[in-house]
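Since chain A is already given, all that's left is putting chain B on it; use the hints.
There are 2 protein chains.
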Amino acid sequence: MGSSIEIINTGNELLDGRIPNTNGQWIARRCSEKGLAVRRITVVGDRLDDVASAVREALDRGAELIIITGGLGPTPDDLTAEAVARALNRPLRLNEEALEMVRRFYEEKGQPMTPAREKMARLPEGAWPLRNPTGAAPGFLVQHGRARIVALPGVPEEMKAMFELHVGPILAEMAGERARYEAYFLAYGVRESDLAPFLEKLSRTNPDVYVKTHPRAEEGRYYLEIYVATIASSASEARRKMEHVIMALSEHISGLGGSMMPYRPE
Amino acid sequence: MGSSIEIINTGNELLDGRIPNTNGQWIARRCSEKGLAVRRITVVGDRLDDVASAVREALDRGAELIIITGGLGPTPDDLTAEAVARALNRPLRLNEEALEMVRRFYEEKGQPMTPAREKMARLPEGAWPLRNPTGAAPGFLVQHGRARIVALPGVPEEMKAMFELHVGPILAEMAGERARYEAYFLAYGVRESDLAPFLEKLSRTNPDVYVKTHPRAEEGRYYLEIYVATIASSASEARRKMEHVIMALSEHISGLGGSMMPYRPE
Numbered sequence: 003m004g005s006s007i008e009i010i011n012t013g014n015e016l017l018d019g020r021i022p023n024t025n026g027q028w029i030a031r032r033c034s035e036k037g038l039a040v041r042r043i044t045v046v047g048d049r050l051d052d053v054a055s056a057v058r059e060a061l062d063r064g065a066e067l068i069i070i071t072g073g074l075g076p077t078p079d080d081l082t083a084e085a086v087a088r089a090l091n092r093p094l095r096l097n098e099e100a101l102e103m104v105r106r107f108y109e110e111k112g113q114p115m116t117p118a119r120e121k122m123a124r125l126p127e128g129a130w131p132l133r134n135p136t137g138a139a140p141g142f143l144v145q146h147g148r149a150r151i152v153a154l155p156g157v158p159e160e161m162k163a164m165f166e167l168h169v170g171p172i173l174a175e176m177a178g179e180r181a182r183y184e185a186y187f188l189a190y191g192v193r194e195s196d197l198a199p200f201l202e203k204l205s206r207t208n209p210d211v212y213v214k215t216h217p218r219a220e221e222g223r224y225y226l227e228i229y230v231a232t233i234a235s236s237a238s239e240a241r242r243k244m245e246h247v248i249m250a251l252s253e254h255i256s257g258l259g260g261s262m263m264p265y266r267p268e
Numbered sequence: 003m004g005s006s007i008e009i010i011n012t013g014n015e016l017l018d019g020r021i022p023n024t025n026g027q028w029i030a031r032r033c034s035e036k037g038l039a040v041r042r043i044t045v046v047g048d049r050l051d052d053v054a055s056a057v058r059e060a061l062d063r064g065a066e067l068i069i070i071t072g073g074l075g076p077t078p079d080d081l082t083a084e085a086v087a088r089a090l091n092r093p094l095r096l097n098e099e100a101l102e103m104v105r106r107f108y109e110e111k112g113q114p115m116t117p118a119r120e121k122m123a124r125l126p127e128g129a130w131p132l133r134n135p136t137g138a139a140p141g142f143l144v145q146h147g148r149a150r151i152v153a154l155p156g157v158p159e160e161m162k163a164m165f166e167l168h169v170g171p172i173l174a175e176m177a178g179e180r181a182r183y184e185a186y187f188l189a190y191g192v193r194e195s196d197l198a199p200f201l202e203k204l205s206r207t208n209p210d211v212y213v214k215t216h217p218r219a220e221e222g223r224y225y226l227e228i229y230v231a232t233i234a235s236s237a238s239e240a241r242r243k244m245e246h247v248i249m250a251l252s253e254h255i256s257g258l259g260g261s262m263m264p265y266r267p268e
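Taken in order, these protein sequences are the chains called A and B.
Take 3 as the starting number for the first sequence in the numbering used here and just add one per residue.
Take 3 as the starting number for the second sequence in the numbering used here and just add one per residue.
In isolation and in its complexed conformation, chain A is listed as follows (with noise of 0.2 Å):
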């Protein structure tokens, strides 16, 4: 699979389920259509132990990119950067650039310096920190190894704004041409384990193809929805892979007495 991505999103709030990881999901989103496959999405709380581990857990399993949200605010639970400087064994310093950015942001909304807001400056050493056009609190980058970790902020409008900035580079630089085809399909009249054994064929014969079902039930009536993806250089070359897959698929279907047709998710 070559290069591999995981995503640590952390807060209480994500914890204690009082809200959904859309950051999460909405990263996880950005890196499959670019091809580029997610490993692990670990959720941890505000808590420098949970967090440094889960850096150090990504890094030990080998991850390229590990991107963090959550933790850069300037409050005593916000903890990324020194969660990261632990993870890494460095210590963490002022930075001299960060601050800058801190400081021009308060100073537009002619406020002071304070050491809460000195705190958001505060980077493991070696990091580069990465601008937040939105926020006061910027983001950071570190190498370490092969690896990359990049931080960016819990809030959404800001993470995203910062993701398409700083990580939308790194990860056309990861995925080259490819991107990730899909399509959709419902099926009725047929059962998971009806298809099993045939998915299990297909998917031996075609590992280039990733075909999923989901049984669903809608007012009592069983039927399924059928994902099928593949990863190419080009919209040709995706349907050259997945078309018979998804001739094979229709007709199999057909012959257990059900019927399968597209469909546009949402």
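Take these hints with a grain of salt, some might be off.
Pairs count within a copy or across copies, as identical chains cannot be separated in the list.
Claimed, not checked - Listed below are the simulated EDC-like cross-link pairs for lysine to aspartate or glutamate, each with C-alpha atoms no more than 16 Å apart in a straight line: (1) K243 x D210; (2) K214 x E15; (3) K111 x D196; (4) K36 x E166; (5) K203 x E253; (6) K243 x E184; (7) K36 x E175; (8) K214 x E202.
Keep in mind that the hints were calculated from the coordinates and are not lab data.
Chain B in isolation, oriented as in the chain A frame:
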């Protein structure tokens, strides 16, 4: 914190961002309502090695309850039972009680047993099958040292029904009389970084009460959402613990020229 809970959600559809991890959030909410802390949520794909290591790592971190969702169905990428067996170093065995559950499910639909259906009854040695009141695949529970591992289906309706049936009593036993009590506020006219030093003092002097600020913006207007929570054995105990923290916070915000008012999210 005493008892520690980890959630593992499996499924490629979560890792490529096709769907949000609603199962993880729902389970986390259920646990935290009982005053039980979820320490980590891990999302991995349908890969035997990845699911097995996620389980092993949670055990190594000393989790007492590990709740896994997904991967119990009949298709070849449903491999949670095998992954748990591998993590615990136990063989996978055809479980007679589980087999009976699966057989009965299909019998009611007038459908025969097949190898793909039988696969859903293959559980780690020593596991108890958990009845699935709405779907075909049984869940299972394994005790391993002090840790309990519960595997539930990924289909949300089945997962929720089985959670209430089989995990609810475990949580009740872990929680005793405890529950989480919480309150939400909005604060205007004050920035998060202005509050930071006071919050630090407040959380040091009131370690039992959790206070978290979330910066928000609406039509360009900046405000803070403030979440205050505690774990207590009764509503009156919770009020006693939280009341003076809320008062102190409100006074401090007024002193800074801002205002704070209660609100109900959603």
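We went through each hint and held it up to the structure:
With identical chains, the CA atoms of K243 and D210 are at most 16 Å apart within one copy only, with a shortest distance of 8 Å there and 58 Å across copies. In the homo-oligomer, the alpha carbons of K214 and E15 lie at most 16 Å apart only across protomers (9 Å), although the nearest pairing inside one protomer, at 31 Å, exceeds that limit. For a Cα distance limit of 16 Å, the shortest separation of K111 from D196 across copies, 13 Å, qualifies, whereas the shortest one inside one copy, 64 Å, does not. In this assembly of identical chains, the alpha carbons of K36 and E166 lie at most 16 Å apart only when taken from the same copy (13 Å versus 39 Å across copies).
With identical chains, the CA atoms of K203 and E253 are at most 16 Å apart within one copy only, with a shortest distance of 14 Å there and 68 Å across copies. For the identical chains of this complex, K243 and E184 are intra-copy neighbours only, at 11 Å inside a copy versus 53 Å across copies, given an alpha-carbon limit of 16 Å. Taking the closest pair of Cα atoms, K36 and E175 come within 16 Å of each other only inside a single copy of the chain (10 Å); across copies the shortest separation is 46 Å, beyond that limit. With identical chains, the CA atoms of K214 and E202 are at most 16 Å apart within one copy only, with a shortest distance of 11 Å there and 48 Å across copies.
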